[in-house]
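> The residues making up each chain are set out below.
There are 2 protein chains.
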Amino acid sequence: MNATPLWLQIDETHDPALQSWVASANDPATDFPIQNLPFGRFREPRDGDWRIGVAIGDQVLDLRRARLIDSADMNRLMRLAPEPRHALRLALSRGLREGSASQAAWTEALVPMSQVELGLPCQVGDYTDFYIGIHHATRVGRLFRPDNPLLPNYKWVPIGYHGRASSLIPSGQDFRRPNGQSMPPGATEPRFGPCQRLDHELELGVLIGRPNVMGEPIPIERAEEHVFGLTLFNDWSARDVQAWEYQPLGPFLSKNFASTLSPWVVTLEALAPFRQPFTRPEGDPAPLPYLDSAQQRASGAIDIGLEVHLQTAAMAERGQAPARIARSNFASAAYWTIAQLVAHHTVGGCNLQPGDLFGTGTLSGPGEGEGGSMLELTEGGKRALELPGGETRTFLQDGDTVILKARCERAGARAIGFGDCRSTVLPAPGLAPAAV
Amino acid sequence: MNATPLWLQIDETHDPALQSWVASANDPATDFPIQNLPFGRFREPRDGDWRIGVAIGDQVLDLRRARLIDSADMNRLMRLAPEPRHALRLALSRGLREGSASQAAWTEALVPMSQVELGLPCQVGDYTDFYIGIHHATRVGRLFRPDNPLLPNYKWVPIGYHGRASSLIPSGQDFRRPNGQSMPPGATEPRFGPCQRLDHELELGVLIGRPNVMGEPIPIERAEEHVFGLTLFNDWSARDVQAWEYQPLGPFLSKNFASTLSPWVVTLEALAPFRQPFTRPEGDPAPLPYLDSAQQRASGAIDIGLEVHLQTAAMAERGQAPARIARSNFASAAYWTIAQLVAHHTVGGCNLQPGDLFGTGTLSGPGEGEGGSMLELTEGGKRALELPGGETRTFLQDGDTVILKARCERAGARAIGFGDCRSTVLPAPGLAPAAV
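Protein chains in written order, with the numbering used here: chain A, 1410 to 1845; chain B, 1410 to 1845.
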């Protein structure tokens, strides 16, 4: 493993001077220039089946109509080996470039993004949520355990737990506030009703491509070979339910009512220009050997700027744009790398499958305005957040829309983005009639 | 909901006098008399595709060859409404009875069970593990928190967490001991290597049939309508890994390397004669209204006898039968009913899908020899278990085979069983070379 792996190589597809014959892809503000080429699933109105597309400017290229693939099965595409994946990216880049001979044929394969429904990017078999945001873990830990915010295992074990795959929803789909049990401070019996401390969590999603066989761990040197790409991910959380239910086996109903995934998978190849060395703060223990490699020390981190925007129902009614309430960066927020997550998840023999999803955990920065959840931004609900127009929030209200955004910007590279990850909170369903 | 639901009705299919033209089904010792009729998936050697079968004595009835269904998709069969499910059971019972006109045609649809491979009974989308065995929770809690074994939420919340679906294996498939991190007592750095406290867990699996829509909770009065049936379930656990990793988000690698499911799903209909009232110990809080109903108070519990057997490699070599190391009963072990699990899981809006699996959690009795795990039987490894032939065990060794069994026996009813749930522990894989 001395040669640079394909997904870390900077090649002609990353050339910042490249322009596309799809004019909107050349807009400096687009998330989807020709250097990005993220994969997703879409369908047109009255069209039942999902199809595989690539985002280019404000258009979607239908990969089957462009005769690049002959399947609509994203999970099958995700298991491609690095070489054919790289070849597909190269074909897409060359075909979409200004002056390409494919322009006439591929123009027929374009659909305006505004006219399609975007779904979950793939069928997610198993979903795991990690907890790699050390500033989030520290701030939240301080709320629960002021003297002992980070538990002793945090710097040794990439903490994670299994999540619920059935309630993953694509960006743009809304969800109902959950009902549930909580134990109010000082009470002797739990209350039941709509969640009173509903929160978002700013995360990235990691989608697995190539599988491993059960009982055969993936060594860290080969871990990224199993990663297809990244999305945005909002792990909605019912904090009052969570505080009451989570001992001793972890969060359950507080997390499984809905989680929103953005539709476009930004590949590791597209992220190659934004890699940087991964280091630990001085004095921290070195990772155990199965979590350490020269390659990830050299380029394990990815510089991805992250933002959270909030738009209340009143703001929407006034035509007021969503307000940015937080920003942070993946590289400085994460205590563990993606390769470490893959190596750790499989070290006991667990098998990963194409389409499996890892959430990173909330990616907060250390400073003011860098909390990836309301819990952090409002210090557990003690300090209300002021919004433009005079409203305030501690936790989320019905009608609130949360939008996550991500963008990679770096000198010498064309900026790329992830598109939006957005859902609106709907009122809780009425309570079931009391039992008789 | 005043009428008795179909799956609780005792009808002609439960008549203990019924005999089958499949002679082995009339053996008093069989788990699969004509009163049982559990569903599973099987394939013959060199036959790639799974087919749906019903166990009858030592035979499997191929449902498609018997022209009872036209699909091999178990998850589709599981979503049947109560009426067609009941009709299918009646057709099976009548066709397999002594003197049935179907005998000639259906004889062609029988395959000896010894000649087929039995798979997972369905495709499991999401798997949730509960913790409803109160004697297990108390004993294990005492090992971790001697003064405070049961946490304050235990009698209010059916504690559960999400598990890993990809590493579910069918009975008869073996698995490798996991490698992992643990923190030995008194150490300042974790060790990495093969698990040293490998354990089994005696559980039942609950398989979901009918789905619910996300955001629409299932009221407890209708909860059992969404349950297809029960299996045996062994939730293998790496106790040393678990103790080090589980704070604050719950078990992860300690549980996701393998979990064994028995192949035959015993339906709620077959279990109707073994229902009994569900009561809570005097002085315990009443369940919240969403977890309470008259019907479950009257018949929420199911009388299922449970056993754990262990056979070491040396015992197998000597031809010595597995030794029973524990027994208990579902009705007395469980603090929550299946209906309560369904109602709780969906109360926040989480959607269940056909084929979803709930593990009950370890179903231990309160007494000596009633622990459903080695952790309990050996008091955390402090007191070795003596096996016939002179061997002893604290935790499981390589080559050990654990077999779970379940059987319902009651005056006035024909006894039915679940078949075996069995796997053998294989040695851990070699450690990956150290990183450079």
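Treat the hints loosely; a few may be bogus.
Said to hold, decoys possible - Calculated lysine to aspartate or glutamate pairs in the DMTMM-like style (CA-CA distance at most 25 Å, straight line):
#1 A:K1791 with A:E1634
#2 B:K1564 with A:E1598
#3 A:K1564 with B:E1598
#4 A:K1564 with A:E1800
#5 A:K1791 with A:E1716
#6 B:K1791 with B:D1556
Treat the hints as calculated values from the structure; they're not laboratory data.
> Does each hint fit the structure? Answer for all of them.
Hints, verified against the model:
1. Straight-line distance between C-alpha atoms of K1791 of chain A and E1634 of chain A comes to about 44 Å, which puts the hinted pair past the 25 Å bound.
2. This hinted pair checks out: K1564 of chain B and E1598 of chain A have alpha carbons roughly 11 Å apart, not beyond 25 Å.
3. The straight-line distance between the Cα atoms of K1564 of chain A and E1598 of chain B is roughly 11 Å, inside the 25 Å bound, and the hint therefore holds.
4. The hinted pair formed by K1564 of chain A and E1800 of chain A fails the criterion: a straight-line CA distance of about 39 Å is larger than 25 Å.
5. For the hint pairing K1791 of chain A with E1716 of chain A, the CA-to-CA distance comes to about 23 Å; that is within 25 Å, so the pair holds.
6. About 19 Å separates the Cα atoms of K1791 of chain B and D1556 of chain B, which keeps this hinted pair within 25 Å; it holds.
Of the numbered hints given earlier, the model fails hints 1 and 4; all others are met.
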